[in-house]
Amino acid sequence: EDQVTQSPEALRLQEGESSSLNCSYTVSGLRGLFWYRQDPGKGPEFLFTLYSAGEEKEKERLKATLTKKESFLHITAPKPEDSATYLCAVQAYQGGKLIFGQGTELSVKP
Amino acid sequence: NAGVTQTPKFQVLKTGQSMTLQCAQDMNHNSMYWYRQDPGMGLRLIYYSASEGTTDKGEVPNGYNVSRLNKREFSLRLESAAPSQTSVYFCASSRDREYEQYFGPGTRLTVT
Chain W
727 EDQVTQSPEA
737 LRLQEGESSS
747 LNCSYTVSGL
757 RGLFWYRQDP
767 GKGPEFLFTL
777 YSAGEEKEKE
787 RLKATLTKKE
797 SFLHITAPKP
807 EDSATYLCAV
817 QAYQGGKLIF
827 GQGTELSVKP
Chain X
1430 NAGVTQTPKF
1440 QVLKTGQSMT
1450 LQCAQDMNHN
1460 SMYWYRQDPG
1470 MGLRLIYYSA
1480 SEGTTDKGEV
1490 PNGYNVSRLN
1500 KREFSLRLES
1510 AAPSQTSVYF
1520 CASSRDREYE
1530 QYFGPGTRLT
1540 VT
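Residue numbers (the numbering used here), protein chains in the order written: chain W, 727 to 836; chain X, 1430 to 1541.
If we strip away everything but chain W, and leave its shape as in the complex, we get (with noise of 0.2 Å):
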């Protein structure tokens, strides 16, 4: 069964402390991962596809990056508006739903 686990389910930084959050996967042929954003009472908001081990994207203080069992977004000097869920979710070739995991809520203290 196809499965994405997400931690910490919470992480709390001080401005400018940067960290990781994880997401570990289980999927029968990966097609793509996902990192969605969710900001308190709104939609997620896409952040980056990843589709191969290996693969890394980046945007501003964030830097997603895939093996063959996990994926994590590396904060680098977080700010206070970084402060959000974020959610991952896979894909397999098979379906082609979107599998979520219960996201991680991260808080940036000033």
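Since the hints were made in silico from the structure, they are not lab data. Bear in mind that the values here come from a model prediction, so they are computed numbers and not experimental data. Some clues are possibly wrong.
To be verified - Here are the simulated lysine-lysine pairs, PhoX-like style, with alpha carbons at most 20 Å apart:
| no. | chain 1 | residue 1 | chain 2 | residue 2 |
| --- | --- | --- | --- | --- |
| 1 | X | 1486 | W | 823 |
| 2 | X | 1438 | W | 768 |
| 3 | X | 1486 | X | 1500 |
| 4 | W | 805 | W | 789 |
| 5 | W | 835 | W | 805 |
| 6 | W | 805 | W | 785 |
Let chain W serve as the given structure and place chain X on it in line with the hints.
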């Protein structure tokens, strides 16, 4: 370019009432989706439409029906609402099924 829009933003229903959630996208996307989001359960797919004229069940379809009205619009209907359907509902669209999905702002539904 509004992206994905949903109406209404909030709704309160009594058990047994019916309602339709509306969704529209202006990105010329082929595929559209309905999800529900519940605390501790994450986002779960209710129904999807891979292309205009087709609809398929997702993970949690019971109690819901959908209509792909045209390429832009995809509606979700609750025929007889139950308290278990209290949730936040998101519509999403993508160029095709293998591409990233773009989400609307959500509808907060409470069934009493």
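**OP:** Could you tell me which of the hints above the structure violates, numbers in ascending order?
**Re:** none
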